[in-house]
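Fit chain B to the supplied structure of chain A, relying on the hints for placement.
Chain by chain, the residues:
Protein chains: 2
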Amino acid sequence: MAARQPGRPLQLIQLNMEERKVEVNEDALGRLEKRLRELGATAVAVVSVMGAFRTGKSFLLDLFLRFLRWEADHPSEAAEAAQAEAPARGGDEEFPLPSWITAAGAALEGASDDSEGFRFKGGMDACTEGIWIWSEPFMRKIEDREVAVLLMDTQGAWDSNMTKEQSATIFGLTAVLSSKQIYNINMQIQEDKVENLAYFMRFAQAALNKAAAEMERQGQGPSRDDIDRPFQSLDFLVRDWRHFRDDWTVEQCKDQMQQHLSRHVNPQKMVENSTAEALHAMFKRLNCFCLPHPGLIIEKDTWSGNVSDINKDFIRFMDLYVRDVFSTGLSTKKILGSELSTMSFPLVLRDFVSAFHEAAPAAMSFTQAMTNCTVLLAKEQAMKSFTKKMDEEAQRHPRGIKPEEFEELSRSITQQLEDDFKSVTIFGSDETRKDTWKEILENLKSLHGRYAEENSRRLEKVLVSFASWCLLGLALFILDRLSDWVCDWWSTTCAEASKVAMMGYSVIAVYVGFHAYLAYHDQGRLAVVMAGGELWKEMVRLMGVYGQLIQEMNFKELQENIQKALKPVLKPDSGESNAASNKKED
Amino acid sequence: MAARQPGRPLQLIQLNMEERKVEVNEDALGRLEKRLRELGATAVAVVSVMGAFRTGKSFLLDLFLRFLRWEADHPSEAAEAAQAEAPARGGDEEFPLPSWITAAGAALEGASDDSEGFRFKGGMDACTEGIWIWSEPFMRKIEDREVAVLLMDTQGAWDSNMTKEQSATIFGLTAVLSSKQIYNINMQIQEDKVENLAYFMRFAQAALNKAAAEMERQGQGPSRDDIDRPFQSLDFLVRDWRHFRDDWTVEQCKDQMQQHLSRHVNPQKMVENSTAEALHAMFKRLNCFCLPHPGLIIEKDTWSGNVSDINKDFIRFMDLYVRDVFSTGLSTKKILGSELSTMSFPLVLRDFVSAFHEAAPAAMSFTQAMTNCTVLLAKEQAMKSFTKKMDEEAQRHPRGIKPEEFEELSRSITQQLEDDFKSVTIFGSDETRKDTWKEILENLKSLHGRYAEENSRRLEKVLVSFASWCLLGLALFILDRLSDWVCDWWSTTCAEASKVAMMGYSVIAVYVGFHAYLAYHDQGRLAVVMAGGELWKEMVRLMGVYGQLIQEMNFKELQENIQKALKPVLKPDSGESNAASNKKED
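Residue numbers (full-length UniProt numbering), protein chains in the order written: chain A, 1 to 586; chain B, 1 to 586.
Same shape as in the complex, but just chain A:
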């Protein structure tokens, strides 16, 4: 195993503002890849920190670094410290500075401009851009295996300096790559913060879904559970927590953390729980840890990084947290069911950057999403009501209505929809509303065309329902003519029947003729000719149908029926049917 190097932060993912996208820094990735190979670990675990800008993410990571370095350099002391008991909280004894925090010197690294730690400084400008990773992995035992632990720092969220696509990619990538994701939040868990986190996780899930679909196509699909619960461990880390009472023990404080978590992330305790449920469904492990305020001096631009300025209660909980993160709470990174190795890490990173690019166009701000959502719903709603109303009218007039009446109907339905549209909730400016209505009108136009065509077809079919009668009439007519030649001159029965037939087809002719006249009166000569054509087509079709029925009757059913009827009488003459009948007799 190679010797530990001091390490420095590497910018693994950078922003390309010109093309408004996110890129892998191949140089940095190459260095990390080389270092992972040298260390010879098989698996990796990734601890990442994300959250709003300027909320002390890098400060936290610097403390993590101190802890990991100290543990690596002083393994025996570390084992001792892990067993040692700290003075109880709420008592008179002050919490002593743990060795890991003081061993590397009195000042924290990131406060100055050197590259000893993740850069953090007081001041208004956010420090971290893209995704950074500590170049030196820490080799730790996880479930009895040597695992390379990577520390990851992400750009502050909601700093108004990334596009929606970029932030969705950065935070989605962080989620996909981390075995433990620390969501750093200020003061308290809030519904909006949970909501924003869930948004990024959903985005990451969408990218994972694509990857899973690709794997399925290649015949090596991950299990359903690996897709539905794609993420491992999430910690809500609440900073500047105000609610630990001075006289509480650590256990009481931990209870309060759990209460706080469950109030905002427990689906059973919430009024609106869909997001909480989604988070529980996506992560294997959800946790909450609260850190008190480290003291107002730390926040000033002028702070030198001196460790002794940090509030002791903060250090007590920090000490607890750092042990939780790297000892109890860590597992190796798995993506879609397969463990990430030091070999596959770079490949997976590249793959997902491009997967996120494909998913990125779906990234939206909340108000954009609401605008799109209400606009799409309004469009769908308008189409549906138009279709419904037109279908109702069509049912009421199965033989169609006159073209000018149809136009009038369509106009009045459109007017009604416009009135309804005025009270539809659309998120957005007046312009959005106008544009939406314009698009609806366009869609209605094509629907209108379709219904107009259907109506004219109905009009043409005005005589179609008489096809059976006409066929009957035609048959009677032919019978009458036939009987004229064949039997009328010698059989009175025939002559009588012939008269009845004539009466029949005359009545039918008058009846159909009357309806044809009505149609002529309503719709003009051409329409009647068209309707006559349709009537003729329908009669031909019916003849075909009846003809086929008769044929089928003759050649299949009749034959079978006759055969069945004759079976007991005739002797079976083939061996097979013999056997069958033998069986029956058994």
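None of these hints come from the bench; they were simulated from the model. Mixed in with the good hints, there may be bad ones.
In this list, chains with the same sequence are indistinguishable; a pair is considered to hold if it fits within one copy or across any two.
As the list claims (entries may be wrong) - Heads up, simulated DSS-like pairs for lysine-lysine below, C-alpha to C-alpha not over 30 Å straight-line:
(1) Lys389 / Lys210
(2) Lys422 / Lys21
(3) Lys300 / Lys438
(4) Lys461 / Lys402
(5) Lys269 / Lys141
(6) Lys564 / Lys141
Nothing here was measured: the structure is a model prediction, and the numbers come from that model.
Below, chain B without anything else, positioned relative to chain A:
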């Protein structure tokens, strides 16, 4: 004017958790109405505070109350204090406690359980539910008029104890009712906080839009600008601001506030500026004010409310802010262009509570909105591609394809869409994705039916394009027969022409017959009969068209042409045309 009463907080709007809605507290509204009448002011101005839970909104309002009471009780001192110069910031002199903060006693009201102020206390539970208003309006001069100033406190946002509909209603109502809205935020302005604010404002705008549509229907529509820019003044009030340097003057601090605002709300300086643009479009005035941390003691449960514990720098900026809010920055409340009077305030409140109820079903969380949006888009996309592909196929086969081929085509397009769907970004669980696909399939089914019908109609029309040829053939046939009787026996020319005609119609018959045979071969006997029917219909239609053309030719154009041609030859015989021709000759 009635004498000032001490006042107490009234819960104007309360939550009804059983019905998951929001209600007007009629009792409280009645009291307020009565008090407004007694005071006899014509206009009102409403100052409201909204923001996340437990971020010190009520604490702020208590300080406002102290200031307003003191000003009302000590008008001359107040005028003096407004002119007095405070010691410069950054110097050695400490900021003296202003009289308004000390005059009413050493402890703030809300810290205890009495009802002297808006209830605020340290601790984890949020205090304010619904919307509260101070029962005693403060009469102040705004633009030389006596205006009743109302103080409004709203429930903390994102506390996981309201439904989406309730929070949208509460914060939307606050926006609609306020002439100055103070958005209280912790630490810094962030993109997500601006986004969340914009969401509530969009919601309120949607309710206002409905109200405006209603007014338009009654013929008294407000102006376009009053609808598009419906809100008056918004202050981002940043609490616990960390970035004022100790040696800066107040002016330098104010510059920093402006910089901070423009970084997150100035559309010109932002990467994603649609939300910032929307906010600028909705508000007449946007501002930012930062207050430093009031000191860690204040945050403890155990704080007694003692004024002298409050950080002096906080009080300096508080003093500046309170004067800005109630002196320079306040105007009377206008809704949709008309000023709210003490009479109309209760009516408007009731109206908007019900308007918000109607709009409430559109309220969604961010992830819900994204889910709905991606689902609706995926559905729209699938329908569009199916239609597009089917239309392309239809164009390629204008005479239709065999039913079994059509089924195969439809199946393969659906399969293709399913493959595409796998890589569509859907926000949501696997179940959402499955449900979406199911809905798409259902929609495709109805589209499939429509296209299948269209295809079979195309199949029937396979011979329609020969209608003109058939008509020509028929005409030739008739001519041939006619000539047989009329002239073939005495004229060789006639006999020759007759032969040519016979050749013509024979060729046409063979040509059409061949195509009919092809159709028979492809689609069977029934289809050919149907196609024959369609061909006949088309021929009849064409005869109609040609007949009409000939008629029009004969009776209009021909006559006119002949008349025109004959005009110079024949003498005009009517007086009118005489006059016309005389005029022409002049």
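State whether the alpha carbon distance between Lys269 and Lys141 is at most 30 Å within one copy, between copies, both, or neither. This pair counts as neither: shortest intra-copy Cα distance 38 Å, inter-copy 48 Å.
Check Lys461 against Lys402 for me: Cα-Cα at most 30 Å, and say if that holds within a copy, between copies, both or neither. both (13 Å within a copy, 24 Å between copies)
As a check of your reading, is Lys300 near Lys438 (CA-CA no more than 30 Å) within one copy, between copies, both or neither? neither (55 Å within a copy, 57 Å between copies)
Evaluate Lys389 and Lys210 at a C-alpha cut-off of 30 Å and name the case that applies: within, between, both or neither. Intra 40 Å, inter 24 Å, cutoff 30 Å: inter-copy only.
Status of Lys141 relative to Lys564 across identical chains (alpha carbons, at most 30 Å): Neither: 82 Å inside a chain and 108 Å across chains, both beyond 30 Å.
Alpha-carbon proximity between Lys422 and Lys21, which holds within one copy, between copies, both or neither at 30 Å: between (39 Å within a copy, 23 Å between copies)
Checked against the numbered hints given earlier, the structure breaks hints 3, 5, 6 and satisfies all the rest.
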